[in-house]
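Trainee: On the provided structure of chain Y, position chain Z as indicated by the hints.
The listed protein sequences correspond, in order, to chains Y and Z.
Counted from 1, the first sequence has number 47 at position 47 by the working numbering; the numbering is strictly sequential.
Counted from 1, the second sequence has number 98 at position 4 by the working numbering; the numbering is strictly sequential.
Please keep in mind that the hints were generated in silico from the structure rather than gathered at the bench.
Treat the hints with caution; some may be incorrect.
Stated by the list, open to error - Facing chain Y, according to a computed beta carbon distance under 8 Å, are these residues of chain Z, among others:
no.	residue
1	M117
2	I120
3	L121
4	A123
5	L124
6	L126
7	P127
8	V130
9	T131
10	R134
11	E140
12	R144
13	L147
14	R151
15	A157
16	A160
Stated by the list, open to error - Estimated spans, in silico, between C-beta atoms of each pair:
no.	chain 1	residue 1	chain 2	residue 2	range
17	Z	R144	Y	R94	17 to 25 Å
18	Z	D145	Y	D32	26 to 34 Å
19	Z	R135	Y	L49	18 to 26 Å
20	Z	G114	Y	A46	18 to 26 Å
21	Y	H65	Z	P176	35 to 43 Å
These numbers were taken from a predicted model, which means no experiment stands behind them.
Glycine included, each C-beta is placed from N, C-alpha and C at the ideal position.
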Amino acid sequence: MSTRFRRLCFGTALILAAACSRSGGERAAAADEGASAMALVDRAVAVALAIRTNPAAGDSILAAHGLTRAAFDSLMYDVAADSALARAYAEAIR
Amino acid sequence: MKRLLAFAALVAAAPFAQVGDSMLTILRALELPALVTEARRVGVAEVAVRDVLEALRSRGLPAEDAARVVREEIDAIDAGAPRDNFGAFVHAQLDAGLRGRALAEAIRAEHQARDVGRPEGRGAQGRATRRGGSRL
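Extracted from the complex, chain Y is given alone in its bound form (with noise of 0.2 Å):
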């Protein structure tokens, strides 16, 4: 299966689970929830994939995906502190 493929799963089962978990209302603030979250674990992979391939350029890197160091520090720290972000990112990267 490909990583792509897992990550897709993952985000959508992040999104159904969030969903369904709640009722009326608060379904649709769930969804955004879990969309925002793999929206977290995107940006970080995005910008993990880019400094890994050209770590000389990773402040333009950092600047292209509009990021500070202290935004970046801020990214991985929110990424690391959520279990199934962490493994997202972690599957994603390897």
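Mentor: Using the frame of chain Y, we list chain Z on its own:
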């Protein structure tokens, strides 16, 4: 474990000849989520993981420092250290003012003081330590 080692190898394979200390901090920080995933896998409690991350973050430590701390804990557990003292010890060291490499070294020293990883590079459970193998 294999995944983490594979990622560490990929990071280590990056063309470091072009990379200064500044970029190394970014590369180390990029390992944080994978290291935390590994810490969870080897048995560090979720509450301890979150507590330590929050403690480090709230004190303004960069993600690179968090990666060092988590790596030390994983190495110690691999060498047979107990899994139940991570959060309390990190808090104590942070309160004492330790940061960065000094903080990571304090964690290592604490485990060594408990005789973890010895003798002959093996821990209480008889597993070889991998200290130094993939460090950046």
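Trainee: Decide, hint by hint, whether the structure agrees.
Mentor: A quick look at each hint next to the structure:
For M117/Z, the interface hint holds, since its Cβ comes within 8 Å of a Cβ in chain Y; the closest pair sits about 5 Å apart. The interface hint given for I120/Z is met, as the beta carbon of that residue sits about 5 Å from the closest beta carbon of chain Y, less than 8 Å. Below 8 Å, beta-carbon pairs count as interface contacts, and L121/Z has one with chain Y at about 6 Å; its hint therefore holds. The interface hint given for A123/Z holds, since its Cβ lies 5 Å from the closest Cβ of chain Y, which is under the 8 Å cut-off.
Given hint, L124/Z at the interface with chain Y, holds; its Cβ is 5 Å from that chain's nearest Cβ, closer than 8 Å. A hinted interface residue such as L126/Z counts as satisfied when its beta carbon comes closer than 8 Å to some beta carbon of chain Y; here the least separation is about 5 Å, so the hint holds. Because the closest C-beta pair between P127/Z and chain Y is about 4 Å apart, less than 8 Å, the hint holds. Satisfaction of the interface hint for V130/Z is found here, the shortest Cβ-Cβ separation to chain Y being roughly 4 Å, below the 8 Å cut-off.
Checking T131/Z against chain Y by beta carbon gives a least distance of about 5 Å; that is within 8 Å, so the hint holds. Evaluation of the R134/Z hint against chain Y yields a held restraint, the C-beta minimum of about 6 Å falling below 8 Å. Interface hint status for E140/Z: upheld, as the beta-carbon distance to the closest one in chain Y is roughly 7 Å, under 8 Å. Because the smallest distance between the Cβ of R144/Z and any Cβ of chain Y comes to about 6 Å, under 8 Å, the interface hint for this residue holds.
Restraint check, L147/Z versus chain Y: the minimum CB separation of about 5 Å is within 8 Å; hint holds. Hint status for R151/Z: holds, given a least beta-carbon distance of 5 Å to chain Y, under 8 Å. Using the Cβ-Cβ criterion of 8 Å, the hint placing A157/Z at the interface with chain Y is satisfied: the shortest such distance is roughly 4 Å. The criterion of a C-beta within 8 Å of any C-beta in chain Y is met by A160/Z, whose closest approach is roughly 7 Å, and the hint holds.
Under the hint 17 to 25 Å, the C-beta atoms of R144/Z and R94/Y, about 23 Å apart, fit the expected range. Separated by about 28 Å at the C-beta atoms, D145/Z and D32/Y satisfy the suggested range of 26 to 34 Å. For R135/Z and L49/Y, the Cβ-Cβ distance of about 22 Å falls inside the hinted range of 18 to 26 Å, so the restraint holds. For the pair G114/Z and A46/Y, the supplied restraint of 18 to 26 Å holds, since their beta-carbon distance comes to about 23 Å.
The hinted window of 35 to 43 Å between H65/Y and P176/Z holds, with their beta carbons roughly 40 Å apart.
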